[in-house]
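Q: Protein chains in written order, with this note's numbering: chain A, -8 to 430; chain B, 16 to 485.
Errors might be hidden in some of the hints.
Keeping only pairs whose Cα atoms sit at most 16 Å apart, straight-line, the calculated EDC-like set for lysine to aspartate or glutamate is [unchecked claim]:
hint, chain 1, residue 1, chain 2, residue 2
1, B, Lys152, A, Glu375
2, B, Lys152, B, Glu138
3, A, Lys102, A, Asp63
4, B, Lys227, B, Glu114
5, B, Lys445, B, Asp416
6, A, Lys60, B, Glu138
I should point out that these hints are in silico values taken from the structure, not numbers from a laboratory.
Each chain, letter by letter, is given below.
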Amino acid sequence: MTSWNDVGKTLTLTLDEEELTRCMRCGFCLPACPTYRETGREAASPRGRIALMKAVHEGRMIPDSSFQKQMDFCLGCRACESDCPADVHFGHLLEQSRAAIVSHAPSPTWKKYMRKFFFHALIPHRRRLRLVGAFLALYQRSGIQRLLHRSGLSKWLMPSHLQQVDEVLPLASPYGIRERVTTERLPAIGTPLGRVALFQGCIMDVLFAKTNHNTAKVLQAAGYDVIISKSQTCCGALHAHSGEEEKARLLAQQNIKGFQGIDIDWIVSNAGGCGAHLIDYPYLLKDDPQWATAAQSFAHRIKDVSELLVDGHSLNLQPIHERVTYQDSCHLRNGMKVIKEPRTLLNTIPEIDYIELVESDRCCGSAGIYNLTHPQTSQQLLDEKMQHLHHTRAAILVTSNPGCLIQMKVGIQRAGLENHMRAVHLVDLLIESMEGDRT
Amino acid sequence: MLTPELKSELTTILGAEYVCDDMESCISYSYDATPLYQAIPDGIVFPKNTEEIQRILRLAHQHHIPIIGRGSGTNLAADTVPTQGGIVMVMTRLNQIIEIDTDNLTITVQPGVLTQTIHNAVEAKQLFYPPDPSSMKISTIGGNIAEGSGGLRGLKYGTTRDYVLGLEAVLANGEVIRTGGKLYKDVAGYDLTRLLVGSEGTLAIITEATLKLIPLPETRRAMVAHYADLDTAARAVSAIISARIIPCTLEFMDQGTIQVVEDYAQIGLPRDMAAILLIEQDGPHLLVEQDITKLHQICLDSGATHIEVAQTSADGTQLMAARRNALSALARLRPTLILEDITVPRSQIAPMVRSITEISRRYDLTICTFGHAGDGNLHPTILTDARNSEEITRVEKALADMFATAIRLGGTITGEHGVGLAKAPFLEWKVGRTGIVALQGIKNALDPTGILNPGKIFTQVPTEQEGTKK
Ligand SMILES: Cc1cc2nc3c(=O)[nH]c(=O)nc-3n(C[C@H](O)[C@H](O)[C@H](O)COP(=O)(O)OP(=O)(O)OC[C@H]3O[C@@H](n4cnc5c(N)ncnc54)[C@H](O)[C@@H]3O)c2cc1C
Ligand code: SF4
Ligand code: SF4
């Protein structure tokens, strides 16, 4: 049964009332919100969205498709949380709203099947993803991709944004970290500081498998034993952000269980989007007493790779004689509150000319799959970002999340800067510097 | 919902994109930062220039439709809550800095420019616009002017009203009025500029403002002094002023506030002290050093248990940031926060704070007090839960007692937040019957049909709270 009435009834029950009430409507979050800045409309601001949710929660408004539009228009970047004096967890409210919409709002059948395929049948399955990776690799390497773009056929086959993404997508790899590393434990170099399990991620391990491998290498060099564990699945962030709450819970439970038997001090993530969701498992599972404690101890172990590296042995880095800048991953910054560490690490590279990017704390418009669902806003945000980037005159743009990385690559291409600037993941740059293959 | 005729006329003026009356929009313009108040407007308009505003007002005048001007909706007097319905007029598209005049030291802006944007723009030219409400990163200058907003630097530099030199505004009948100018002296007629400052959107819609600038002080230094009891802290405040030192900031925080801010900002504030004073001086290097040394001595002599002088201006910024966040830090304790704004003569701070403590006991409420000790403007902040109606009744009684005490001590019911809806029932306590009649006379002269922000400042039911409770 689906109807907007049901969405309303569900939200009366599921929206976190404490969270809603804690919003004192001070408006301090407004300047941070990209959708408020783009539109100037209160309903497209965090305070406005909370007011809408509250109206629904209190039964003063029956949600409708424009309610959904407003919830979908939100990037989920959580910049509002970082600026909220009252500590309102906007991300939770957003997920609850989207969950009610996904399960109860009327929506065309084809959309439901698409969602089912993507969120349930594909993403959480490592082997199927690997298969996609293999096909993608074949497509990219066989010349079909080149042919499509050269012939202009891609314009017919893909929406323009997808086309741009396709052009910059790194070479997918049929080999994930587990295919690349055959042992289960990579020993620390020097005095061991602790044991960390690598959280591989789903997309990360197809498109950025090399970054996963590099993460393991750099952690070893910093003094950590790295465990490559098989018993893990997708973190479920994409599911939670898209309203697939039940599936998100199942994935969380699977992961918690998966890491339970392993003797480790930390679980390390190299994707801000995953990390911020992993530390949020306790909230996701808060209503399930069976999981609450386990979720707590799981979340306590989650670290971003930059946090561990800052605390680790100093790396043997070779000079990089280039100007480098850094774009925050929204969820690393606003969710995990990891802000200084990546910058600190970059500044340890000898000879580096580090420059702070204006508005580096602002979303680049990637926002999970936002660049596919709202291409226009996404590109607008990206173009603003590229202007600021252009002013830095940096040769290397560093970021710490796969989604951001792809978006930044698209941006560089769109701005015609591909001969002057490249986007890399933090750990990849650290490895470059360690291996000294640039001078 | 707007009537179809009205909507189509507004659409002709503004274009469909800038006229809204859908449920989502109406709900999102039904509130401001004032707790407990909410009311749904009939529609919302987003004008871009003076001419559009004139045309909207003519229309509203003709049809007797309330017009509620709105900046960022951060006021604390329920001033943008459309209790009588009507149209909320959002001013944020008028967001241009028109000119910075470095010869006359003025800046001319449209009303939707954010206060912080003005600060950044003039400071880049080594100039200074002192008014700094805690909400400055989001408040608009139009809102600041309409509320007569203050800030931390009020003691030395004054408030918004002291910086408005000239205004362009549209009157209720759609006519444009220009007041003042780039003039430091101007006595041609009544001071309409000052009249519009603090008028809370009830007399005219401000469309342009010329503001006074001063040279940017060379440097600033901050210090904190801790006090084991209230009276010594209050004595220190008096001692500082009698010593002929006017710090740019002289802020007070009571124990409840100290504890909460420390939880939030973790900057090493003393949780066990009855009060702290946050003091900042700005000006030329040498003078600042001199004043800070003197201030240090005065605090010591007055019985401070601990004094800390920020070593760098960055340290100082952090100390002051804690104060800026005080209100916000308090928000984490209870779901609802009611921020009051009474002001008393400087010499009455200690009795006022003591009386607040007693009122909080009488009604069994948590009240944390902080504020601008230098100018006697205190922010007793009641921490409560809007969902608990029994507690809210006690809150209302406590507020009435607080206002009564402030007036008895020679003070006022609001120093910088405005009367709006929230304090309308108490206005007569402050200005008296004759005062109300005079104010109403002005209102009727400028807005005879009463379409500009009706229900604000004046009330039919004095001393009884009105407004749509939510
Ligand atoms: C956390 C917090 C801290 C605050 N700290 C301070 C502080 O330190 N000092 C202080 O003084 N205030 C403070 N305030 C109150 C508030 O920020 C100020 O009143 C501010 O000036 C409101 O600006 P605004 O743009 O949000 O105006 P709004 O709230 O939108 O409107 C305020 C009033 O101005 C009118 N108005 C707006 N624009 C126009 C226009 N163009 N023409 C005519 N009328 C107009 C409205 O009708 C309304 O009456 C604080 C508020 C919050 C939430
Ligand atoms: S999550 Fe981002 S886009 Fe959404 S309301 Fe918060 S700041 Fe705005
Ligand atoms: S900053 Fe926080 S409390 Fe203030 S309006 Fe935004 S969400 Fe609400």
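Q: Of the hints given before, which are not true for this structure?
A: 1, 6
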